[in-house]
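Colleague: Chain residues, written in single-letter form:
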Amino acid sequence: MNPFGDQLLNVITFVPLAGALVLLLLPKEKNELVARLATVFAGLGVLVSLPLWFAWQSAPTDGHGFRFVFESNWIPSIGAKYIVGVDGISMLLVLLTTIMGLIAILSSWTAIQTRVKGFYVFMLILQTGMIGVFVSLDMFLFYIFWEVMLVPMYFIIGIWGGKRKLYAAIKFFLYTLFGSVLMLLGIIALYFYHEKVTGMFTFDIRYLQAMGAWSGWFDLQCWIWLAFFLGFAIKVPMFPFHTWLPDAHVEAPTAGSVILAAVLLKMGTYGFVRFSLPMMPEATKHYLPYALTLCVIGIIYGAMVAMVQKDWKKLVAYSSVSHLGFCMIGIFALTADGITGGVLQMLNHGLATGALFLIVGLVYERRHTREISEYGGLWKVMPVFAVLFMIMMLSSIGMPGIPGNGFIGEFTILMGVFALPQKFWAVLAATGIVLGAAYMLWLYQRTMFGELSNEKNKNLKDLNFREIATLVPLVILSFWIGLYPKPFFNILAEPVNKLVAQVEQTWQYPDKVGKLAGDDVLVRLDELEEAMPEEGNEVH
Amino acid sequence: MLDLIWLIPLIPLTGVLINGFFGRRMPLKTVGVIACATVLIAFLLSVGAVVQLAGSEPNPDGLRIHELSLGDWMPLDAVSVPWEFSLDPLGSVLLLVVTGVGFLIHVYSIGYMAHEKDYARFFTYLNLFMGMMLTLVLAGNMMVMFVGWEGVGLCSYLLIGFYYDKPFDLRTGLTCADAGRKAFITNRIGDFAFLIGVLYLAINFGTLTFSEISERVAHAGPGAHGLLVGVGILLFLGACGKSAQIPLYVWLPDAMAGPTPVSALIHAATMVTAGVYMVARMSALYAQAPEAMAVIAAVGALTAIFAAIMGTAATDIKKVLAYSTVSQLGYMFAACGVGAYVAGIFHLMTHAFFKALLFLGAGSVIHGMNGEQDIRKMGGLKKKMPRTYWTFLVATLAIAGIPGLAGFFSKDEILWGAWSSGNKIVWLTLAAAAGVTAFYMFRLVYLTFWGTFRGGDEAESKVHESNSLMTVPLMVLAVLAAVGGWIGIPKLLTFGKDINLFHHWLAPAISLPHGDGHGVEASHSAGLEFGLMAVAVGIAVFGILLALHVYKSSTLPQKIADTLGPVYKLVRNLFWVDELYKFAILKPFYAACRGFRWVDIHVVDGLVNGTRNATLGLSYISNLHDRIVVDGLVNLTGWVTTWLHRMLSRVQTGMIQTYLSVMLLGVFILIAYYTLAG
Amino acid sequence: MLTPTHVMIFSLVLFGVGVFGVLTRRNIIIVLMSLELILNAANLNFVAFSWAHPSIHGQVFALFVICVAAGEVAVGLAILITLFRNRNSVNIDEFHLMKG
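Chains as they are written, first to last, in my numbering: chain A, 50 to 589; chain B, 12 to 689; chain C, 19 to 118.
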């Protein structure tokens, strides 16, 4: 079932990059060929990622819950290695990335008319960068991918964007860069602290995660946590770091918005799950009330601001702020249900909001405006479009059963948050589902219902086959997650339980710890030795 | 058959797929037939399942119940939610009502919607509704029920907004789409409370399966009392949304924007009763939370009288019926609240018959009047539409509580339940509401069917009776509305012989406070019960006679309205509740939204852009410094060098002979130097 | 009696004439010719010293110089011809392209 053996993740990661290189060799006048070939490569990317799902059960783990691990030396002098591997959480996100990448590229065939070749090259590079972020098990490698994917996105917004594209692109780039530079500081601090305690320079996430079990570095932990928090919170984006998002979404071309909403935002939430929580559990717990507060504000505030938007895309963008608040509150509940729901909701948000951006893109391509007031009564001329929009809107507002995926995520999250002793977090979060219905239905009514009064809308064409093909997979996946989410729960159970255990485990037994290197650092030695690699890359 | 109950909701959903995908390309007849056929099959399956359930062995509690699980749906950590379905006597009543009445309304719709363009869309929605409603009824746990619960809400939204491009209420400027959205959002507010209640249940009892909840709450102990009361009220709030009770009833009158068969099916017979059904389902929980029951009884009774009063002033034929529905739902809740669940469900069933009939009759009238809904422009339709008139009259008598008809039995049982459980105030309120009900219903009949036509000659000539696709369902329902109550006939009227089949069938599915499984008729004298019954009938007859007296005269109604003055105005404007909500909740909410948008642009983003501008400003200053000071020094060096270069380059004349001359001069100087030096 | 001194005096005069020609004449051809005079003055010195201190080296050098001078004249004249073609002039004052 897995023809690539332990090279699987390398293949998945670099197939899009290979595609980009092939595209570079083509003459730039052949726009159609470029678009088709890019689609083929993105489709290939989906195909090679399928073994992740089908060979999942049979794949061995590396003892830390990661599968398909590939490891090789890279920069021995600083201990950076090339390590890739996935657990259940990142595996689902990789699949989401490959699928959404294909759909985004497929949706651009007619939308992108200028500098076609460059666009697809950037999209494919972006794809490699995003997959790389999710599969890296080495923080150095992770950081490189994290930054790599910023560049193509910057160009995608900056070249193929709307009227204020430069403003949006630069804002997006600088804002996220600001966050990630702080994160880099955090990474370096972790790296040196790890060396200080164990004498081993390493960026290997599996070893760094063991630091979560150390006690005695609470103050440092807090600083590093804050640095990471800024990096990830900007990416998510959490209130009040969200303002780059509406601008970037509004100005980005459809494919850019789709990728931005479906995958890029998930990197922030993923960062919390992969780094902040397991590596710095004490600090996480320390800052929990503040983080939860920001989540709740994000949910309500995002929804309320979305309520009064006049721009279709901006409305969807603010709905993202609200939904991502939901994801984050689930993750910060630090319960198994909360985290499972948070991860599921990442997927659901990817599908639903990705689809909603596609939907805006489809009408934008026809009418070249995003003003909601320009539309109305579109159901009459575009019934297929209206039905697909309806289904994905229902997914977004958490309708159970039709298609139900949003509901699964929200309910799981609420269940997780409700397990906290303070019930008001869940109650406040749950208001999001009322508000979500309010703004989404209003949007739907203003665009699809009402009289078909605008002359320009009277001759709009309904979706063609290719456009339907971009939306239908999302609809099918939504129904799948909504009606039979058990496989997803099963895949997530193992990493989530491990994560919950990591968060809960912090050692509090000073009698079992020793002093190292003349420092006041308390570490459990036997635990550490187990965690040590056979051949650590000590720097002499 | 019982193992196939999960198929019952799926069958109408196949109709959704067929009509949804191919409906627009199929002939209208095929679409209608497919839609009706799926519901008919569901009905037949339901009958089979209920018959089999009746023949099955009851469990030790005397309850016949069949549960089945189709496997995991949401295997959460706190609670695992499978796809569970169950059928018990309570569900079976709803099942038969939903599929039976649903089928009749489907048939009726073929005739009613015949002139509509979006025929297939209508039947797709209608089938979707049936699927969701049946999911709700057959659900074995709260989450599967919630799927149906939200699903019917969605269908309600879609069907209310079916004429999505038409305005609905000119007074408030509401469009049909607005009305649908209002319904959905109001329901969502209820669902919000419902969901919180579900979370409490799940966290504290670790299950959401109905049978397990019943079992566990029964053994919860006194410590859980407060929790159960809270959960009970939260769940009831959800029911308030769905079943249009105070304070969330406002959507139902506006829901009349939908096509009339929809009003009959969704907003009278089935969906709006889901709240009552849910409360009855959770009777075990409410048995542990009498305070929550008191709340339900109070809200139900209040809604019953309040909505009935509003019904007296409405002029839209469907809105009168809508307020009537709200009022009757109040009855059902009041029944549940006083512990007379059986009576409540009984009323749910009879109400489904006569209210569906009333709505369908109203639809027939509207159809015959070519879309006119204002009863002030009707009158004297008795002769033009005899079949509609007679069936309508049967339903009116039934809802008014005339002995022998379905509504009499159920209403009387509720009143008796209220009295015998000691809730005298509830009894009084409900009895008064019964009088008002009789009044506004006969007002409606009088203004519509009796008297003379007031809509002008031209309109009069176009009035016609509906075709038999529409009138046959009316007649079937009329029969049900007439005799449907006999299966729940009280012991009192059968000379002490207990042939109340309905009660015996349903009672085991209900848990009551104090562990009394057999209802409220514990100790009473036959005379008292008979007396109360007579009083109730007397009140109803008084209401009827009053209506006949008032509307016989053409001036009296206006005179009364003038005499009452502000009171009339208050009722006519529906107590300004909509306006109250608008100004107390919606306007501030939108203002807050706009405020947040302002904050977002100017404060949150302002900070970001401020950082940008500060950076730019700093950069500008740095730039100046760089250009003037730092670069100035560099340029000075360059300038000096250039100047020197200018000077020196003068030497380079380009004239080779000059160079040579200089060279020679040098040579001579050197020679002279060495010669002189030494 | 002819001594090397005389020869040197003669060579000095010859050199002086050559330098004078190079520095003062405007015609490039005459400048080139004057250069030849300077070279030949040097040659005379070589030969005179070879004669005074019996050694063959001076005469060999003189031969070398004659060869180099021949080459120099060839190249010089070629340049001169191209210059003349471009500028239609042999006036050295007009050739100051290297002016700084």
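By construction, these hints were calculated from the structure, which means they are not laboratory data. You may find that some hints are simply not true.
Simulated pairs of lysine-lysine, DSS-like, Cα-Cα distance not exceeding 27 Å [said to hold, decoys possible]:
| # | chain 1 | residue 1 | chain 2 | residue 2 |
| --- | --- | --- | --- | --- |
| 1 | A | Lys359 | B | Lys40 |
| 2 | A | Lys429 | B | Lys593 |
| 3 | B | Lys598 | A | Lys429 |
| 4 | A | Lys510 | B | Lys128 |
| 5 | A | Lys130 | A | Lys212 |
| 6 | A | Lys359 | B | Lys177 |
| 7 | B | Lys128 | A | Lys359 |
Derived CB-CB ranges, DEER-like [stated by the list, open to error]:
| # | chain 1 | residue 1 | chain 2 | residue 2 | range |
| --- | --- | --- | --- | --- | --- |
| 8 | A | Asn503 | B | Ser472 | 35 to 43 Å |
| 9 | A | Gln162 | B | Gly643 | 44 to 52 Å |
| 10 | B | Gly415 | A | Val521 | 35 to 43 Å |
Everything numeric in this text was worked out from a predicted model, so none of it was measured. Every residue, glycine too, gets a C-beta built ideally from N, C-alpha and C.
Colleague: Are the hints correct? Go through all of them and say.
Modeller: Checked hints:
1. A/Lys359 / B/Lys40: Violated, at about 43 Å.
2. A/Lys429 / B/Lys593: Roughly 31 Å between the alpha carbons, so the hint for A/Lys429 and B/Lys593 is violated.
3. B/Lys598 / A/Lys429: 31 Å, violated
4. A/Lys510 / B/Lys128: 20 Å, holds
5. A/Lys130 / A/Lys212: Violated: A/Lys130 and A/Lys212 sit about 43 Å apart, past 27 Å.
6. A/Lys359 / B/Lys177: Holds - the C-alpha atoms of B/Lys177 and A/Lys359 are around 23 Å apart, at most 27 Å.
7. B/Lys128 / A/Lys359: Distance of about 32 Å is beyond 27 Å: violated.
8. A/Asn503 / B/Ser472: 35 to 43 Å: Holds, since A/Asn503 and B/Ser472 (Cβ atoms, about 39 Å apart) stay within the stated range.
9. A/Gln162 / B/Gly643: 44 to 52 Å: 49 Å, holds
10. B/Gly415 / A/Val521: 35 to 43 Å: At roughly 57 Å between Cβ atoms, A/Val521 and B/Gly415 fall outside 35 to 43 Å, so the hint is violated.
Hint compliance for this structure: hints 1, 2, 3, 5, 7, 10 are broken, all remaining hints hold.
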